[in-house]
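Colleague: Assemble the whole structure, with the sequences as input and the hints as a guide.
Here the sequence shown stands for residues 1 to 640, numbered as in the UniProt record's numbering.
Just so you know, these hints were derived from the structure itself, not from any lab.
One or more hints might be untrue.
[Unchecked claim] Here are the simulated lysine to any residue pairs, SDA-like style, with alpha carbons at most 20 Å apart:
| no. | residue 1 | residue 2 |
| --- | --- | --- |
| 1 | Lys593 | Asp545 |
| 2 | Lys246 | Lys273 |
| 3 | Lys453 | Leu404 |
| 4 | Lys246 | Asp545 |
| 5 | Lys91 | Arg204 |
| 6 | Lys243 | Ala269 |
| 7 | Lys224 | Glu234 |
| 8 | Lys246 | Gly379 |
| 9 | Lys299 | Glu324 |
| 10 | Lys354 | Lys400 |
| 11 | Lys136 | Ala97 |
| 12 | Lys593 | Arg239 |
| 13 | Lys354 | Ala286 |
| 14 | Lys562 | Glu623 |
| 15 | Lys222 | Ile195 |
| 16 | Lys399 | Val418 |
| 17 | Lys476 | Glu228 |
| 18 | Lys615 | Pro539 |
| 19 | Lys310 | Asp300 |
[Said to hold, decoys possible] Cβ pair distances, simulated, as ranges:
| no. | residue 1 | residue 2 | range |
| --- | --- | --- | --- |
| 20 | Asn34 | Ile2 | 16 to 26 Å |
| 21 | Ser10 | Leu146 | 41 to 51 Å |
| 22 | Phe316 | Val459 | 32 to 42 Å |
| 23 | Gly462 | Ser28 | 28 to 38 Å |
| 24 | Asp174 | Gly42 | 32 to 42 Å |
| 25 | Asn537 | Leu156 | 50 to 60 Å |
| 26 | Thr411 | Gly30 | 36 to 46 Å |
Backbone N, C-alpha and C define an ideal beta-carbon position, used for all residues, glycine too.
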Amino acid sequence: MINITLPDGSIRQYESGITPMGIALSISEGLARNVLSALVNGNQVETTTEITTDATVQLLTWNDEMGKKAFWHSSAHLLAQAILAYYPNAKLTIGPAIENGFYYDVDFEGEAFTDKDFEKIEKKMLENAQKKSEFKLYPVSKADALKEYADNEFKLELIENLEDGQITFCSHDDFTDLCRGGHLPHTGFVKAAKILNAAGAYWRGDEKNKQLVRVYGITFPKQKDLTEYLELLEEAKKRDHRKLGKELGIFAFSEKVGQGLPLWLPKGAALRKKLENFLSKAQQQAGYEMVITPHIGHKDLYITSGHYQKYGADSFQPIHTPNEGEEFLLKPMNCPHHCEIYKTSQWSYRDLPKRYAEFGTVYRYEQSGELHGLTRVRGFTQDDAHIFCTPDQLLEEFKKVIDLVMLVFNTLGFDNFVAQVSLRDPENTEKYIGSDENWEKAESAIIKAAEEKGLPTVVEYGEAAFYGPKLDFMVKDALGRKWQLGTIQVDYNLPERFELSYIGADNQAHTPVMIHRAPFGSMERFVAILLEHTGGNFPLWLTPDVFTILPISEKYQEYGEKVSKFLENHDIRGLIDNRNEKTGKKIRDAELKKIPYMLIVGEKEAENGSVSVRKHGEGDLGEMSLESFKDLILKEIEIN
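Modeller: Here is the structure:
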């Protein structure tokens with residue numbers, strides 16, 4: 001008999017060789033009908049995998065993230081099978097599950113594959129799914145695997161990098177693929193399918209390699225789920241920050257300026273300034289000091305920090321001085337500069353912590369195909385800060401930074417989040433700098449701080465920065481999409497590399513601990529996510545233009561100017577629409593621009609010293625005195 005530990009901590013005994021499906025059937029037939037896959041000792045396996053030793057087992061359904069992964073990974077096999085039905089000469093490469101759905105990279109050998117092919121592929125996938133073919137995983141020798149894919153150079157490359165004895169194929173129906181496992185019991189679970197897109201993708205992500213076609217798809221166990229997902233996609237298109245950014249006049253790009261280098265338009269600059277002012281005020285109250293560093297730095301600076309060795313290939317090429325033979329880089333990060341600021345003085349333990357903050361613009365080279373609006377750019381501004389403290393102060397300082405992140409989230413309506421504890425990969429420690437002792441101290445401090453603050457957390461190995469572990473905040477927006485917003489990192493290594501010190505109570509020199517933090521992350525990416533989260537309907541305190549004044553004719557423009565001046569004297573800013581257009585058109589245009597309040601002024605309003613108020617998305621609020629409207633706005637801003 002073997003002991004099987006379930007997620008609730010209960011232990012059941014079974015005969016050696018029991019499968020996850022057998023365990024499910026022993027619990028209930030209803031559960032067994034819904035089990036898609038299983039985790040055995042943390043490894044994803046098929047429901048038919050035999051368990052021969054004591055193990056922890058989690059049965060996965062559609063409601064589990066890893067259950068969806070098995071569902072979509074299996075669907076990638078269905079996609080590949082359908083493609084080969086119509087393109088028998090196509091060469092398959094890889095087809096993983098992704099956050100929403102799956103893709104398969106395919107070499108169509110010169111044949112055209114367009115969106116006109118999507119429908120027939122979907123139909124073929126569902127036709128094959130209805131056969132309820134079992135997914136069967138089995139081992140294959142390296143020699144046999146190489147023979148099987150002798151005419152597919154992509155699979156051959158994958159197989160060459162695998163160890164003999166560790167290679168498996170998966171078959172269902174008339175289709176077989178090189179695969180590591182983690183499949184559905186059979187294809188019949190797939191009841192709805194949609195091909196979403198087809199795009200170019202270089203083999204192994206290397207632009208020197210052949211370009212393939214990446215076919216994206218998604219499947220569901222019910223047609224209703226697919227319908228809801230497609231509706232969500234349509235809403236996401238309406239909220240696309242690139243679309244809204246253009247319509248609302250937030251930002252733009254210019255080929256002459258360069259790809260991935262955003263231009264902040266007046267309304268975007270006003271929005272960004274309000275965000276900076278909000279955080280600057282909070283930082284000042286929390287004891288931060290503002291600093292400013294150059295946009296370039298000497299190459300030696302980044303060699304000392306270790307960034308050049310790790311990221312030099314992804315940086316812009318060095319700038320060479322004309323005569324001195326020195327090399328400079330566009331600044332890829334702010335932390336080395338802040339280390340040098342700390343080093344300008346000799347500090348005592350009584351002076352610490354030192355908290356340096358900067359809205360620092362940095363530059364990193366991204367391939368043109370990876371650029372995406374404001375979320376993936378080549379120049380961006382981080383709301384960066386670095387705290388230098390004693391080891392005894394580390395936990396308290398880390399918790400204070402968590403408080404600052406929570407202030408940002410609560411103020412801007414990001415209330416659905418998980419704090420990801422990002423640790424180094426214990427199986428691949430050579431990727432990281434620093435001693436095991438320092439890593440253990442840093443990781444334990446992050447875990448303890450998150451526990452004491454009561455944060456909902458998940459642990460991810462291999463997601464740490466090369467110099468230290470971090471706490472990443474994974475936020476879900478209004479459409480349920482997950483974004484990484486804000487990060488806090490503990491670093492024992494850079495202070496050592498820069499030979500930073502402070503004089504302790506024992507009158508000896510000690511090395512401080514460094515905390516890196518950025519609640520927004522970058523201003524560009526944060527504004528992009530905020531645009532999509534709010535649909536462009538920003539909180540009133542953040543809105544570039546709170547109102548637009550709509551005179552019903554030219555002769556009331558002077559009164560409109562008077563209203564505008566009155567509101568501006570109370571720091572409430574907006575526009576006057578003096579166009580020779582009908583009031584109805586002005587209202588429609590203001591609604592499209594998502595301006596919160598429309599103030600209509602005519603003869604009655606001019607005589608009464610009032611405004612007729614319409615609110616975006618709500619309609620007519622009636623006539624108000626200027627004082628009443630001013631109080632309404634100030635109260636709404638205060639609540640926000």
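Colleague: All hints are to be evaluated individually against the structure, with a verdict given for each.
Modeller: Hints, verified against the model:
| no. | hint | result |
| --- | --- | --- |
| 1 | Lys593 to Asp545 | holds (10 Å) |
| 2 | Lys246 to Lys273 | holds (19 Å) |
| 3 | Lys453 to Leu404 | holds (12 Å) |
| 4 | Lys246 to Asp545 | holds (16 Å) |
| 5 | Lys91 to Arg204 | holds (15 Å) |
| 6 | Lys243 to Ala269 | holds (17 Å) |
| 7 | Lys224 to Glu234 | holds (16 Å) |
| 8 | Lys246 to Gly379 | holds (19 Å) |
| 9 | Lys299 to Glu324 | holds (14 Å) |
| 10 | Lys354 to Lys400 | holds (14 Å) |
| 11 | Lys136 to Ala97 | holds (18 Å) |
| 12 | Lys593 to Arg239 | holds (13 Å) |
| 13 | Lys354 to Ala286 | holds (11 Å) |
| 14 | Lys562 to Glu623 | holds (17 Å) |
| 15 | Lys222 to Ile195 | holds (16 Å) |
| 16 | Lys399 to Val418 | holds (16 Å) |
| 17 | Lys476 to Glu228 | holds (18 Å) |
| 18 | Lys615 to Pro539 | holds (13 Å) |
| 19 | Lys310 to Asp300 | holds (14 Å) |
| 20 | Asn34 to Ile2: 16 to 26 Å | holds (24 Å) |
| 21 | Ser10 to Leu146: 41 to 51 Å | holds (46 Å) |
| 22 | Phe316 to Val459: 32 to 42 Å | holds (35 Å) |
| 23 | Gly462 to Ser28: 28 to 38 Å | holds (36 Å) |
| 24 | Asp174 to Gly42: 32 to 42 Å | holds (33 Å) |
| 25 | Asn537 to Leu156: 50 to 60 Å | holds (53 Å) |
| 26 | Thr411 to Gly30: 36 to 46 Å | holds (44 Å) |
Checked against the numbered hints listed earlier, the structure breaks none of them; every hint is satisfied.
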